[in-house]
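Asks: For the sequence shown, numbering that gives the first Met the number 0 begins at 0 and goes up steadily by one.
A couple of the hints might just be wrong.
Stated by the list, open to error - If you anchor each label on the Cβ, the simulated ranges turn out as follows:
1) F165 with A56: 23 to 31 Å
2) Y136 with A78: 17 to 25 Å
3) A101 with S129: 22 to 30 Å
To be verified - In silico DSS-like links for lysine-lysine, alpha-carbon gap of 30 Å or less:
4) K118 with K102
5) K73 with K118
6) K102 with K73
Don't read these hints as lab results, they were simulated from the structure. Note that beta-carbon positions come from the ideal geometry of N, C-alpha and C, so glycine has one too.
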Amino acid sequence: MVIFAISGTIRSGYDGDAGPNNVMLTASGANFGYVRSIPHFLGIGLGLISLILLNGAGLGVIFQTYPMVQEVLKWLGSAYLLYLAWRILTAGINKGESDSKAKPMTCFEAMTFQYLNPKAWVMSVTAVSSFALSGDYYWWSLVGISVIFLLVQIQTSSVWVGFGTFIRRWLATPTAWRRFNSSMALLTASCVVFIW
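Can you make the complete structure from the sequences, with help from the hints?
Replies: What follows is the structure, encoded as C-alpha cells:
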C-alpha cells in the first residue's frame, strides 16, 4: 500500500504536470530522440534520490536555520532555468545528426538541476516527511522510497521523452522546428514564476 501511495505522490506531485523537467524532456525527445535523452532522465532520477537521502539526513534544517540559502537557490534556479530555455530556443533544427552543435542535457547536468528545482525540493521533503519510518527502519525506508521514486520517475520521464519523439514527426519544416523550440523555451522560462 505504501508503494502505491509513494508512486501516486511522484506522479501527481512531480511528474504529473508540465514542470521544468517535463518540458525539457519533451524538447529533448523532439530534438535528439529517445536514446540520446536517456542520460537526461537518468540524471533527474539520480538527483531526486540524492535529494531524498540528503533531506532524510537533515538537510531541511539548514533552510530553517539559514533562510538565505533558500534565497540563493531561488536566484540560481531562476538563472539556470533561463539558461536552459536559451539552449532550447537556440537548438535549431536537429533531427539527430551527429554534426549538430546542439547537445542533449547530460546526466550530470540533469542531476545538478534538481538542486535548483523547487519542485524537486518540495517533493523530496514531502516524501521523507510522509513515508519515512521512525526508529531502526528509518534508513531502510529512505532507501525504499528512493528505489520506488527512481522506478516511477524513469517510467514517467520516458513518457515525456516519448511524447517529444512523437511530436518530432510533425516537425518537417524549419518553421515548425523554430515554433516548437520557441514554445518549449517559453514554457521552460515561465517555470521561473513558480520559483518566486
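Asks: Next step is simple, just say for each hint if it's right about the structure.
Replies: Quick rundown of the hints versus the structure:
1. Taking 23 to 31 Å as the suggested C-beta distance range, the pair F165 and A56 does not conform, at roughly 40 Å.
2. Hint check: Y136 to A78, Cβ distance near 40 Å, so the stated range 17 to 25 Å is violated.
3. One distance hint, 22 to 30 Å for the beta-carbon pair A101 and S129, is violated here, with the actual separation near 39 Å.
4. Note on K118 and K102: the hinted pairing holds, with a Cα-Cα distance of about 25 Å set against a maximum of 30 Å.
5. Distance hint between K73 and K118 is fulfilled; the C-alpha atoms sit about 12 Å from each other, no more than 30 Å.
6. Pair hint K102 plus K73 holds up; C-alpha atoms about 26 Å apart against a cutoff of 30 Å.
The structure fails hints 1, 2, 3 (numbered hints given earlier, in ascending order).
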